[in-house]
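Here the protein sequences line up with chains A and B, keeping their order. So for the first sequence, the working numbering puts the first residue at 1309; every next one is plus one. So for the second sequence, the working numbering puts the first residue at 432; every next one is plus one.
Note that these hints are calculated values from the structure, not bench results. Predicted model, so just to flag it, every value in this text is computed and none were measured. We treat Cβ as the ideally placed atom computed from N, Cα and C, and that holds for glycine. It is possible that some hints are incorrect.
[Stated by the list, open to error] Simulated coverage check for chain A against chain B, where a stretch passes if three residues somewhere in it have a Cβ under 8 Å from a Cβ of chain B: (1) 1562–1570; (2) 1700–1712.
[Unchecked claim] Stretches of chain B that chain A covers, calculated by requiring three or more beta carbons in the stretch to come under 8 Å of a beta carbon on chain A: (3) 735–741; (4) 1004–1011; (5) 1014–1026.
The lines below spell out each chain.
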Amino acid sequence: MPSALPAGEPVPASGALPPAALRGAAQRPLGFYLHVPYCASRCGYCDFNTYTASELRLAQAPATASRESYAATLAEEIRLARKVLGDDPRPARTVFFGGGTPTLLPAEDLVRMLDTVRQEFSLAPDAEITTEANPESVTPAYLAALRAGGFTRISFGMQSARAHVLRVLDRSHTPGRPERCVAEARAAGFEHINLDLIYGTPGESDDDWRASLDAALSAGPDHISAYSLIVEEGTRLARRIRRGELPPTDEDQHADRYLIAEETLGAAGFSWYEVSNWAASPDSRCRHNDLYWRGADWWGAGPGAHSHIGGTRWWNVRHPAAYAAALAAGRSPGAGRETLTAEDRRIERIMLELRLSGGCPLELLTGAARRAAEQAVADGLLDPVPHRGGRAVLTLRGRLLADAVIRDLTD
Amino acid sequence: MPATTLSNAPEPSRTDPAVIRNFCIIAHIDHGKSTLADRMLQLTEVVDKRQMREQYLDRMDIERERGITIKSQAVRMPWEAEGTPYILNMIDTPGHVDFTYEVSRSLAACEGCVLLVDAAQGIEAQTLANLYLAMENDLTIVPVLNKIDLPAAQPEKFAAELAHLIGCEPEDVLRVSAKTGEGVPGLLDQVVKLVPPPVGNPDAPARAMIFDSVYDAYRGVVTYVKVVDGRLGRRERIQMMSTGATHELLEIGTNSPEMSAADGLAVGEVGYLITGVKDVRQSRVGDTVTTQHRGATEALGGYKDPKPMVFSGLYPLDGSQYPDLREALDKLQLNDAALVYEPETSAALGFGFRVGFLGLLHLEVIRERLEREFGLSLIATAPNVVYRVIMEDHSEHVVTNPSEFPVGKIAEVHEPVVRATLIAPSEYVGAIMELCQSRRGAMRGMDYLSEERVELRYTLPLAEIVFDFFDALKSKTRGYASLDYEPTGEQTADLVKVDILLHGDKVDAFSAIVHKDKAYAYGVKMAAKLKELIPRQQFEVPIQAAVGARVIARETVRAMRKDVLSKCYGGDISRKRKLLEKQKEGKKRMKMVGRVEVPQEAFIAALSSDSGPGEGKGKK
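Just chain A, with the same shape it has in the complex (with noise of 0.2 Å):
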C-alpha cells in the first residue's frame, strides 16, 4: 500500500455507494482485502501504513487503535460493508491479509475477521484465503490454527537467502527461516504458498540474487513474486543512500536481476503471469490479486485500505486511531475516494492489463495507440503472434519496459 493517498471527493458517513457502482454486479466477483497495520519493527525501505508499538505510542494513540482490539474494530468496517452493499448476494471469492505484519496478531484473531466475512457475506466454496506473514512470526502451531479458521494460501516475506541483503532491508529472520516455514507450511496443509523476494538491494550481487532464487526454489512454493528494490522518499533507506553509506540502485542492474529471475524461475517450471509474479501452475496463481487487475470489486477494510466498487474506487483513513474512531462513531472510515469516467476505466484496463501474460485486447485502443502498438511489435516490446490475434502481450525486453509501452497505448 502506496503511502501517500491521493486526493479525492469526501466519502459520505454512511459510506453509500453512487447508484451506478452497484449496478451490474452479480456479474462481477467480490473480495476482499483486510488490512493489519502493525509491525513489530519497520524495516529500513518501507513506507506502508503500518506502525509498531512505539510509533503508536508516540501518536498517543486511545486504546480503540490498540492490536489488542483490532480484530472487534475491523469486524465494524466489515459490518458497514454489509450494509454499503445491501442485499447484493455475492460471497466473497477471495480474502487477502495484508499489512503490515497479519500475523504479528494471534491467529485466533485473524481467523475472527475472517469469520465476519464468512457471517456477513459467506465464502465462495472454492474461496481464496490469503496472508502475508513474516517468517518469524509463525510457528507450526500458529499455521495450523490458521488452516484450521479457514486459510488456504500464505505468502511470506523471504526477500533475500543472503544474510547482508536482509541486513540492509532491516529484516530480522536469518537465512534458512522462510524455507522452513514453506515446509512448515505444507505440513499444516496449506496447498499454495508464495514467496516474496526483492531484488536490487544496495550490495547484492548477481550471484546473491541467484542463490535467493534457487533457494526460494528449493523451499517448493507454488508461486513466487520478485519486486525490485524502490527506495522511497523519507524512508531510512534512501537517507543511508543519501549520506553515501550504500550505493545507490541501479535500473540497468535491476534489469540483469529481472532477467536472473525470468530464466531462473521459467527453468524450474514457473511462469510468469504478471510483470512481477510467477505460478508453478495457472491454479497457483493468486486470484486475489487478479480481481485488482481485472478491475473486480473488493472491499479494501482496515487503515489506509483502497476499495473499488464497479467504477468507484475509495480509501480510509491512514491513522489506526483515526481509523477506530470513525467506526466507533458509527461513520464509513472513508478518507476519499473517485468515479471513475469510462475513459479513466479504459486508460486503467490498459494499464492493469497490459502487465499480464493475457494481454490485452487491442480493441481498448485508439486508431493512435493502436498504431503505437505496431511499432511496438516491430521494436520487440509486443509479441507479434498474439497481436495479429488481437491482443497485445508484452515481449520480455516489453516488461522491462512496461510502463513506457502503457504510455505509448494509452495516447
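For chain A, the structure is supplied; the task is to place chain B on it using the hints.
Chain B alone, transformed into the frame defined by chain A:
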C-alpha cells in the same frame, strides 16, 4: 544659486547659437554617468529636489536594473557663467558596443563631450572606443575623474592616463564626485568655456539630424533632433530626406527634462519632434529632417541603415504562444529600428522567428523584454553571424541561419570581422593574446596606457566573439579585462557547417558554422553535452556530429532497459493512473526529433553557453 533659471533663460527658437553648448557624457557602465546627470539636473534646477529620483533619465526598468542606458535623450539646462546665461544641451548616449552607430549619431549632435572615468578604476575599453569615436567627430574633450571621494581613488595615476590618451596636461583633468556634487559646478563652467558653440547657417533651408527616435504609447514616435541649419517651426510639414516621406509636425519642443512644447528650434538647438507616426522605422536615427516647403536638397552626411549583425532563432516554449511572440516583436519593433525578424520553422523547435540584432547585448535586452514585459517563455538558438556564401557557379547565398548553409560546390565563404579593443592589467597580456589567437584574431597594435594597463587592438571574426568570447575573456583575466568592438567588414574564411544528428535525424537548431579547424572540437563538445541531456529512450540513440556526410564525433545514449513499476496492487492503481496522466502531459511537452523525445530543458541547456551572452559585456 544660479541667476539663470528656466523662467528667465533664453527660449527655444530664440536662442543665439553662441550661448549654446551641446555635449554628451562618455563613460563606462558604473562609472557614474547617470549620477552625474542627476547632479546636473539638480544644479541647473530643471528638476527640483522633491522630484529627484536616482538615474532620472534612465526611464525603462530594464535599463535601471542593468545600469545600462539604451535610449538617449537630450536635456536642455540653463546655466549662467560669468554673468552670461547659457543653454547646455546634455545629450545622453547609449552606452554599449551594439549601439555604436547610435552613439556616433549622438556624438555628431555634439560639439563637445565629457569623458567621465572612475578615479578608482581608470578607463575601460568601451569608453576608449567611444572616446576615439568622439575624437573622430572632432569633439572637444573635457576629461573628468569621478568618484574622487572613494578611498580607493587614485586620481593622480588616472589623470596621467587620461592626459596621455587625449594629449592634455594631467592638471587639466577635472576631479568631481557626482555622488556628493563636489566639482560639478566647476565642470559645467568648463563645458561653457571649452566646448565650442554650434555653427550653422540660419538662413539656409532647414536641416536637422535625427540622433534618436523613441516610441511612446501615448504620443507615437518622439524624434530627437539637432538643428544644423535653418529653423523648424511648429505646424510645419516636414520631410525625411532618406525616404522623402512627409509628415505634419504636431509638436516641437525641448526636454527639461520633461517634454515642453515650443514655437520651434533654431540653429544649434536640440529638441524633439512629434509627427504622429507610430513606428520608429519611419523616423530613423541618422536621417536628415527638412521642411517640405523650400526644403534642403542635400542631406547631412552619415546616414546608415541599421544592419543586424547577429541572428538567433526565437521559439516559444509553448507552441500556442507563437501569435503572442509575433505581436510582442511587432510592438518592440515600433521602438527599435534595428530589430528585424521573419517567421521560421524548425523541425525541432516548431514555429518561431529568426531575429536579427545589432549585437549580443541587443539580443539579450530584446529577449529579456519579451520574457519580462510580454510574459513569454522562449528557447533561443545559439546566436550566429551573417555569412555570404559564393558558390562555384558564382551564385551567392546570404546565410542567417546555419541550417540553411548551402550544400554543393562552395567557392568561398565570407564572414564579418570586427575591430576589437581590449584593455587589461598588463599581467594578462599573454592570456589575452593567447585567447585572441585561438579565436583567429590578428593583432593590430598594442599600447601601454600606463605602466600597469595595456590596450590591445585586434581584428577578430565576429562569429568568434558571438560564440563565448566574453566568458573566456572573463575567466582568463579574472574579470579584469574590458572589451569593445566595432564591425569593420568581412573576410573569407575556411568555414564549414557542423550538423548534429540524433538517431540519424538532423537537429536543425544545433547546426553551427565553424572554422574547419574547430569543427571537430565543436562536434565532440556538442555530442558529449547532448549525451548528458537526452534521457534514455526505449532504443539506443546515436548522437553524431557531421560535416556534410562525414561523421566527426559520436556518442551514444544507451537504450533504457527498465521502465516498469514493480508493484501494482489495489492501493496502487489510482496513484499509478495519475502518474500516467502526468507522464503523458510531460510527454506532450517533449519535442520529437524523429522518434527521439527530447525534453525542452535539454534544448535550452544545449543551446546556452556556460553562461549567457549577457554576462561580460566588457564590464569589469
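Evaluation of the provided hints:
With 3 residues having a Cβ less than 8 Å from any Cβ of chain B, the region 1562–1570 of chain A passes the three-residue criterion, so the hint holds. With 6 residues carrying a beta carbon less than 8 Å from a beta carbon of chain B, the region 1700–1712 of chain A meets the three-residue requirement, and the given coverage holds. Restraint check on the region 735–741 of chain B versus chain A: 0 residues with Cβ-Cβ distances below 8 Å, three needed, restraint violated. As drawn, the region 1004–1011 of chain B meets chain A at 7 residues by the rule of a beta-carbon pair under 8 Å; at three or more, the given contact holds.
For a cut-off of 8 Å, the count of residues in the region 1014–1026 of chain B with a CB near a CB of chain A stands at 3, and the three-residue condition holds.
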